[in-house]
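Protein chains in written order, with our numbering: chain L, 1 to 629; chain W, 1 to 103.
Check before you lean on any hint, since a few could be wrong.
What the hints assert, rightly or not - If you anchor each label on the Cβ, the simulated ranges turn out as follows:
no., chain 1, residue 1, chain 2, residue 2, range
1, L, V408, W, L103, 51 to 61 Å
2, W, G74, L, A227, 13 to 23 Å
3, W, E96, L, R467, 40 to 50 Å
4, W, E96, L, I510, 22 to 32 Å
Calculated directly from the structure, the hints in this document are not laboratory data. This one's a predicted model, so the numbers in the text were calculated from it and none came from an experiment. All residues carry an ideal CB built from backbone N, CA and C; glycine is no exception.
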Amino acid sequence: MSATQAALEPDDGRRIALLGNPNCGKTALFNLLTGSRQKVANYAGVTVERKEGIATSPAGTRYRVLDLPGAYSLNADSADEAVTRDVIFGQLAGEQVPEVLVCVTDATNLRLNLRLVLEVRRLGIPMLLALNMSDLAKRRGIEIDTARLSQLLGVPVVATVGVHRGGADPLLAALDAMPRTIPGPPARWHAPTLEEITETHRQVREILLQSVREPAIDTRWDERIDAVVMHPIAGLAILAAVLFLMFQAVFAWAEAPMGWIESAVGWLGQVVSGAMAEGLLRSLIVDGIIAGVGGVLVFLPQIVILFAFILALEDSGYLPRAAFLLDRFMGKVGLSGRSFIPLLSSFACAIPGIMATRVISNWRDRLSTILIAPLMTCSARLPVYALLIGAFIPQREVAAFFNLQGLVLFALYLAGIVGAVVVAFVLKRTVGRGMHHPLMMELPTWRLPNLRNLALGLLERVKIFLRRVGGIILALMIILWALSTFPAPPAGATGAAIDYSFAGMLGHAIQPLFAPIGFGWEICIALIPGMAAREVAVGALGTVYSLQGGDDEVASQLGTLIGAQWSLATALSLLAWYVFAPQCLATLAVVKRETQSWRYPLIMAGYLFAMAYLASFLTYQIAVALGAG
Amino acid sequence: MWAEASDIVASVDSVDVSAGVVSLATLRKGQSGRVLEVRLPKVNHGHDRNLVLRLLEIGFVPGEVVRVVALGPGGGEPIAVRVGGTMFALRRHEAEHILVHPL
Numbered sequence: 001m002s003a004t005q006a007a008l009e010p011d012d013g014r015r016i017a018l019l020g021n022p023n024c025g026k027t028a029l030f031n032l033l034t035g036s037r038q039k040v041a042n043y044a045g046v047t048v049e050r051k052e053g054i055a056t057s058p059a060g061t062r063y064r065v066l067d068l069p070g071a072y073s074l075n076a077d078s079a080d081e082a083v084t085r086d087v088i089f090g091q092l093a094g095e096q097v098p099e100v101l102v103c104v105t106d107a108t109n110l111r112l113n114l115r116l117v118l119e120v121r122r123l124g125i126p127m128l129l130a131l132n133m134s135d136l137a138k139r140r141g142i143e144i145d146t147a148r149l150s151q152l153l154g155v156p157v158v159a160t161v162g163v164h165r166g167g168a169d170p171l172l173a174a175l176d177a178m179p180r181t182i183p184g185p186p187a188r189w190h191a192p193t194l195e196e197i198t199e200t201h202r203q204v205r206e207i208l209l210q211s212v213r214e215p216a217i218d219t220r221w222d223e224r225i226d227a228v229v230m231h232p233i234a235g236l237a238i239l240a241a242v243l244f245l246m247f248q249a250v251f252a253w254a255e256a257p258m259g260w261i262e263s264a265v266g267w268l269g270q271v272v273s274g275a276m277a278e279g280l281l282r283s284l285i286v287d288g289i290i291a292g293v294g295g296v297l298v299f300l301p302q303i304v305i306l307f308a309f310i311l312a313l314e315d316s317g318y319l320p321r322a323a324f325l326l327d328r329f330m331g332k333v334g335l336s337g338r339s340f341i342p343l344l345s346s347f348a349c350a351i352p353g354i355m356a357t358r359v360i361s362n363w364r365d366r367l368s369t370i371l372i373a374p375l376m377t378c379s380a381r382l383p384v385y386a387l388l389i390g391a392f393i394p395q396r397e398v399a400a401f402f403n404l405q406g407l408v409l410f411a412l413y414l415a416g417i418v419g420a421v422v423v424a425f426v427l428k429r430t431v432g433r434g435m436h437h438p439l440m441m442e443l444p445t446w447r448l449p450n451l452r453n454l455a456l457g458l459l460e461r462v463k464i465f466l467r468r469v470g471g472i473i474l475a476l477m478i479i480l481w482a483l484s485t486f487p488a489p490p491a492g493a494t495g496a497a498i499d500y501s502f503a504g505m506l507g508h509a510i511q512p513l514f515a516p517i518g519f520g521w522e523i524c525i526a527l528i529p530g531m532a533a534r535e536v537a538v539g540a541l542g543t544v545y546s547l548q549g550g551d552d553e554v555a556s557q558l559g560t561l562i563g564a565q566w567s568l569a570t571a572l573s574l575l576a577w578y579v580f581a582p583q584c585l586a587t588l589a590v591v592k593r594e595t596q597s598w599r600y601p602l603i604m605a606g607y608l609f610a611m612a613y614l615a616s617f618l619t620y621q622i623a624v625a626l627g628a629g
Numbered sequence: 001m002w003a004e005a006s007d008i009v010a011s012v013d014s015v016d017v018s019a020g021v022v023s024l025a026t027l028r029k030g031q032s033g034r035v036l037e038v039r040l041p042k043v044n045h046g047h048d049r050n051l052v053l054r055l056l057e058i059g060f061v062p063g064e065v066v067r068v069v070a071l072g073p074g075g076g077e078p079i080a081v082r083v084g085g086t087m088f089a090l091r092r093h094e095a096e097h098i099l100v101h102p103l
């Protein structure tokens, strides 16, 4: 059976694809059409998000709706646009040519949007024009003669409202009315010349002249807001305030739900422990799966809050403006203004940060951002920092205002940022050498974020995160558990069980390598289960030193114990290690997913280990030379 | 007007920057201009050609009125330009390809 026939199976639904400029409200329309019946994945072999969903018309016809990545032109300029072009031309492996292309346009900005429509119309594929945000257009006094527009374009035209219930019904009715055809190959296409583009714009003007009556565009409100928000000084002050609020929310609001998750995981562990006989299976479930997955799952509240902010800021039009304000600063180290939010997110956790790099359309910019994201001090480092600072740095006032412990913590954050700047700069000078990345970023009209879109967007991010926790992260946790459990200690063993395991052997084996940076075998062993998530190292050290009790008890006993056993130089060296080292397999797993290759997680792990080793080496040797050994 | 405009684009490399014609990058905040042409650089890198195509596609076509709405902090880059009903952020490098008559 050929692919074309498969597409016409009655059960399968008709395949339609939504095509349109970025910011035309296409995603809102897609959400309205498909509701929660969506599937989000990646296109085969590329890192572009593929969104498909099922829509049912009031007459009962099923449609499989593909939300193509936003594009200004078929003459692709980004990975997103290349996917859109290839799907339309049937040149993307695993994708069928859509039966009907729905060209979604922003009815308030047809001048820009219709150019793509005309370009696509030349291909001779069955298509339909949706005038989206038609409510907004009406409110602005824009009168569109849809019948005339349809006549001029030679395609059906419908008005839609992506943010109102029922706003897509005219579109579905028009689709029902379209005769069913087997999609043939589109007409030959060549990249337009300068003259052809200018000519298309002329045609757009001509068509608009005959079918649309629009008052002079009223940009007063937008300009008033922009005069403040994009002001070089006031704008940066507002940005700082927004970021402060966001950070405050991520840490303060997430605290309670994170506590609930921790207690729930702890409770579940106890229940399972109580219900099962002591043995390997219990250890696997309780210590491996429940504790390991729980350690990553605990970041879910932070991820939800962070993405709620990011999505609302993006939807309102603020995010591109923040990128505008920061582009110059970020550009100096070879990043774009758009790198800012993902990097900021990485202070909570690098995983959502790396997921958020999808807003960066330029692949090189995106890659640089992904590579430096783990250098932002994530919240999982805090338990490790807190343990070491508490045990080794005296509570002392510095210069009457500052607290020495606070200053050390600040220095650790700063070290990560400085490291990131250096790496970004090196990447710019090597990989991105001689490249000029155009910005050409649309600053869309201000809009109130739509709650349904926000909720659906959030749900999607949560699903992606949970799928990863349940997939590769779960697998890694089981491997780490096995390493720390097998082989079992011999009868009559006196040391901690982990000491006899593969992790223990590995810890002892790598210890000579870590001796120049001051790590004893206890630390080396703890680093191995600590690959699960950074804060796990605290618990693992507790295990190595055979401490008993709950998390808080272990941490406080451990503080006293290492304060007595380790040298200050070792503690400082371990702090330096945690600023840089890729002690988080989940992050590497996400990088693999997002870049669709093993190459970048390996590069990332390699350079981070090298930096961590160098930083720890310098810290340890200098500290020893100064008498802190 | 339109016939003239497309003639000018067609003869892109032969146009002189004469008096009264400046690049969009030199406009001050709040200043408007009418697009005369989007110019390919003398040495034609493939990359810049795509840049010019894209600038045209997003609406910087001869005859359009553009207005500089905002300048980025510290050195005036990027610039926010309104063209048609849309605002775009451009870096200076992009804006230099667009020649305008200041209004």
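(request) If any of the earlier hints don't hold here, list their numbers in rising order. (result) Those not satisfied come down to hint 4.
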